[in-house]
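Student: Please construct the entire structure, taking both the sequences and the accompanying hints into account.
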Amino acid sequence: MLRQIEGSRAVAETVALCRPEVICAYPISPQTHIVEALSEPAPSRSRSHDSPAQDVRPCSILILG
Amino acid sequence: MFEIRIHGRGGQGVVTAAELLSVAAFNEGRHAQAFPSFGSERTGAPVVAFCRVGDKPIRLREPVAEPDALVVADSTLLLQVDVFASLRTDGYVLVNSERGWDELGLVEVCAQFPANRAVIVPATRLALTHVGRPVPNAALLGGFAALCGLISLRSVEVALREGFAGGVADANVAAAAGAYGFVASEMKEYSDA
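In the order they appear, the protein sequences are chains A and B.
Just so you know, the first sequence maps onto residues 1 to 65 in this note's numbering.
Just so you know, the second sequence maps onto residues 66 to 258 in this note's numbering.
To be clear, the hints were calculated from the coordinates, so they are not data collected in a lab.
All of these numbers come straight from a predicted model, not from anything done at the bench.
Careful, some of the hints might be misleading.
As the list claims (entries may be wrong) - Taking lysine to any residue and the SDA-like style, the derived pairs with C-alpha atoms no more than 25 Å apart in a straight line are: (1) B:121 - A:2; (2) B:121 - A:10; (3) B:121 - A:1; (4) B:121 - A:7; (5) B:121 - A:8; (6) B:121 - A:5.
As the list claims (entries may be wrong) - If you anchor each label on the Cβ, the simulated ranges turn out as follows: (7) B:120 - A:21: 28 to 38 Å; (8) B:197 - A:29: 23 to 33 Å; (9) A:1 - B:219: 58 to 68 Å; (10) B:163 - A:36: 47 to 57 Å; (11) A:36 - B:121: 24 to 34 Å; (12) A:20 - B:124: 58 to 68 Å.
All C-beta atoms in this analysis are idealised placements derived from N, C-alpha and C, irrespective of residue type, glycine included.
Tutor: Right, dumping it as structure tokens:
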């Protein structure tokens, strides 16, 4: 099944699937949406979008500049 | 593949318009992409956004240089930016304005395109009426659906409801429907003339 997704969200979901323990990121255009999506708990994303990141826990630490 | 270029100013929802257009096309089962030209992001600054729609996967990732359709969300850009650059002569033009082609100084430019392919729609007025804010993007999407038939008004409505919640979605859907009706009647006038 095809799903349309914003590029930034695709990056964020890919990062989440890597199960990082710490993400250091600075939210400024054009990557603001990546950081915003990473700051959401991954399970809530998976519920709304039926994402493969179903069992990914929220990042333990997200450092924003 | 059908390529659209949208010109506007920061705050007019141009980037969102391109994105919603791609969502509407995707929901109709087609392949679609949308992206803005990143520049200095300030309210009022000229903004360009692009959308491609095709029946096959779209690998191209570059800005739309030769659009099949042009949407101008702010007619003051006509004095500032070469919005018509490389538009195909069989292309579509949708301009947001209260003025006519002569007042906009576009009679000669307009004459290059088939009469029913260049339409002016008062999208900001429709937005103020229905949404209460001068953000013409939803109205322009409705007008665009009527102008070239690339996507249906129904798909625009679905995309707007995906992008906005509750009352805001209803208001934007009403603005899009209003513009759709306006453009459809303009085109009927051209075809009757």
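Student: Please list, smallest to largest, the hint numbers that this structure does not respect.
Tutor: Hints 7, 9, 10, 12 are the ones this structure does not satisfy, whereas the remaining hints hold.
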